[in-house]
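Whenever a hint applies, use it, and build me the whole structure from the sequences.
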Amino acid sequence: MPKDQGLISWKKLAPGMFILEPGNSIKFKTGDWKAFRPILNKEKCIKCGLCYVFCPDLCYKKDEEGYYISNSYYCKGCGICAQICPRGAITMILEEA
Amino acid sequence: MRKELIKKIPLSISEPLKIKKKIGKEVSIAIAEAVAQCKVDVISAYPITPQTHIVEHLAELVNNGELDAEYIPVESEHAAMSACIGASATSARTFTSTSSQGLLLMYENLFIASALRLPIVMVIVNRSISAPISIWNDHSDVMTMRDSGWITTFAENGQEAVDLIYHAYRVAEKALLPVALNIDGFTLSHVIEPIELLDQELVDKYVPPLRMKYKLDPKNPITMGAIGVPEIYTEAKKAQDEALKASYRIIVNAWKEFEKLTGRRYQPVETYQMEDAEVALLIMGSLAETAMNAVDLLRKKGKKAGLIRLRLWRPFPLKDFLKAIGKIKALGVIDRAVSHGSTGGPVGIEVRSALYQSNKRPKVINFIAGLGQRDVTVEDFIELFERTYEAINKKPKFSYEIYGVME
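Going line by line, the protein sequences match chains A and B. In terms of numbering that gives the first Met the number 0, the first sequence has 12 at position 13, counting the first letter as 1, and numbering is strictly consecutive. In terms of numbering that gives the first Met the number 0, the second sequence has 293 at position 294, counting the first letter as 1, and numbering is strictly consecutive.
Since the hints were made in silico from the structure, they are not lab data. Remember, predicted model here, so these are calculated numbers, not experimental data.
Just a few of them, taken from the derived set where beta-carbon distance is under 10 Å, the chain B residues facing chain A:
hint, residue
1, Lys212
2, Ile221
3, Thr222
4, Gly227
5, Tyr232
6, Ala238
Simulated pairs of lysine-lysine, DSS-like, Cα-Cα distance not exceeding 27 Å:
hint, chain 1, residue 1, chain 2, residue 2
7, A, Lys11, B, Lys212
8, B, Lys214, B, Lys237
9, B, Lys38, B, Lys214
10, A, Lys28, B, Lys236
11, B, Lys255, B, Lys173
12, A, Lys60, A, Lys33
13, A, Lys10, B, Lys244
14, A, Lys11, B, Lys236
15, B, Lys38, B, Lys212
16, B, Lys173, A, Lys10
17, B, Lys303, B, Lys362
18, A, Lys26, B, Lys218
19, A, Lys2, B, Lys236
20, B, Lys237, A, Lys2
21, B, Lys318, A, Lys10
22, A, Lys11, B, Lys237
23, A, Lys61, A, Lys26
24, B, Lys20, B, Lys255
25, B, Lys244, A, Lys11
26, B, Lys212, B, Lys244
27, B, Lys214, A, Lys10
28, A, Lys75, A, Lys28
29, B, Lys318, B, Lys359
30, A, Lys26, A, Lys60
31, A, Lys28, B, Lys237
32, A, Lys11, B, Lys218
33, A, Lys43, A, Lys75
34, A, Lys10, B, Lys237
Yeah, the Cβ is synthetic: ideal placement off N, Cα and C, and Gly gets one too.
Here is the structure:
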């Protein structure tokens, strides 16, 4: 198993580990530990946007056609979108290692 | 004031030293006035015996328009510390004070205040912890926050308490760490002593306005208290630990500057009659003055007794301590708190650990005395000295002993 290492020298941290760059959490990859990922069936999708509303990681984004697509950089694979979808358009499939 | 301090006032300095009349004041009131002189912006506190007079008087000063500060009468000590953290994060100068159960109720926030490097100043009016319920003095409360990362100092009398308030603000704001100043409940907080407050112009010089580089500011947003994932938590704690260690220089320098301004000298480890001492006791807080009387009596009988007092508890002044013990053969450490089931009282454990880093090791005997304000008199100190003398040749059968307990 890969071992956790320090990200940055303690000497380079701002006092109190403050984050001085606003909004930099957008860079933080939260999608790398998921076991399942959502797959959208566009034939069933009615573009209601409930997946977008309920996603706890805000990883759904509307595309040009109006479909909501999840961003696997952030998606943790919780499956809430699949649960909430009124048309059963989202299925969770096993993430391949 | 003690004899030795009077001697040390350098009379050659005419300016800025100003010898003023001391005024008889309750120590709590004097502390509140010193806090007001430091021009605090926010006071957030909840009353608890024996701390109440301090924040009550500050409330009066704010109410009467004598102090331009925001006084937040919170619903608990947990909220008191939370409000201090929030206010301090915006670069406001903050103050709170508590005792005993109140300190325990703010416990989780103490660690956040120090980890976020917020220069909050708190006076802990030391009181024992329930149960049994006890409003009286010992050091059980402050010893629970030993590992919280606060700079921690102890005063022995009213004048020291006032002086250490000014010092606390100067240090906290330079080190960007919170400072807890400890005074003994009742034996200090509720007595009237001759106390001299500094002239306001000196306070203004010693405690300049607070300007924090990093603060909560809508114009320049930053994040405080973000999550520390396993890849960063260790580095955050290392940085915090180094900051606390580095605060030692700031603390000592602030005392040196204070001496220049006032002639009153403070050191991380204070000693009394230690130059040629064979045996010494070590204590913190106001009982030290009683112990000094015991030293004087023993000295008259030709015994080479000495006294060590820790003024600075965190960061622990290891080098000063090792220097202070000199060539003593035995050291009696007097704790005023129990660390249940441990190998000693909190101070005893610390001292033994410190000595392990040195080759010169006097015999250490550890007493726990004065719990819940049980009297520890000059006679008791003489007995503790005698017991410490015995420890030179005879290894104590116990790793610590609760002294004066009725069998």
